[in-house]
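Mind the numbering: the sequence shown is residues 1 to 208 in UniProt numbering, read in order.
Just so you know, these hints were derived from the structure itself, not from any lab.
Heads up, some of the hints might be wrong.
Stated by the list, open to error - Keeping only pairs whose Cα atoms sit at most 16 angstroms apart, straight-line, the calculated EDC-like set for lysine to aspartate or glutamate is: (1) K131 to D67; (2) K165 to E134; (3) K151 to E179; (4) K81 to D69; (5) K81 to D102; (6) K149 to D164; (7) K78 to D102; (8) K149 to E166; (9) K82 to D67; (10) K151 to D168; (11) K91 to E112; (12) K151 to D164; (13) K131 to E72; (14) K151 to E166; (15) K151 to E139; (16) K131 to D69; (17) K151 to E134; (18) K82 to E101; (19) K81 to E116; (20) K82 to E72; (21) K82 to D102.
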Amino acid sequence: MAAHRLQRYAIFLAGYSYTIEFVKGVDNGIADALSRLPIEGADMINHVFCSNFFINLITMNVQGIADLDICEEIQRNKVLKKVFLLVMSGKWPNSSKELSEDIKPYFNRRNELAIEQGLLLWGHRLVIPLKFREVLLMELHSSHLGTVKMKAIARSHMWWPNIDKEIDLITKECSGCVEYSDNPPKSILHNWPRGTSSTDPFGYFRAY
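With the hints as constraints, model all of the structure from the sequences given.
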């Protein structure tokens, strides 16, 4: 703890009259309950809660896309269905050379892929089927936030192979994004009086 913070605490407490007493942790059950009486199975509950949170965040905020639609589309898509089965079984090949080019990006992330409620997750990010990618890109681009912010939002919620390249492409093709990107406000130009000479090294001493 920083020394300045301790000083602020000392100044704050100086306004009170109190006595300090030591109480054993065993006898201090009320104040210590949150750390000593955790909910049973807290890890499992937190894991499920976090997964549900990120799933619902992406499927509920985008009009027309629900988690059930994504689940069904995963099973219709040949690439994602195969990835889904590989994640379920855990029987990935030893080398990516045995897989098609479409599945290699998933092979490189095989240890971070998971399935939750029939949905495919990479970490906390939802893997989006091909059918919904354009819709989500348009949703990201609707506010014309620019490449950096669009990527930041996408990296918090969703993923598919080459998503960064697609975001770059959509912003480059947008005339508004191109016009206003790297466009800082212009500073006001001031007119300074012109000197009588272009070089006057002894001007500072003129008053002396």
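Exercise. Quick check: which numbered hints come out false for this structure?
Worked result: 3 and 9
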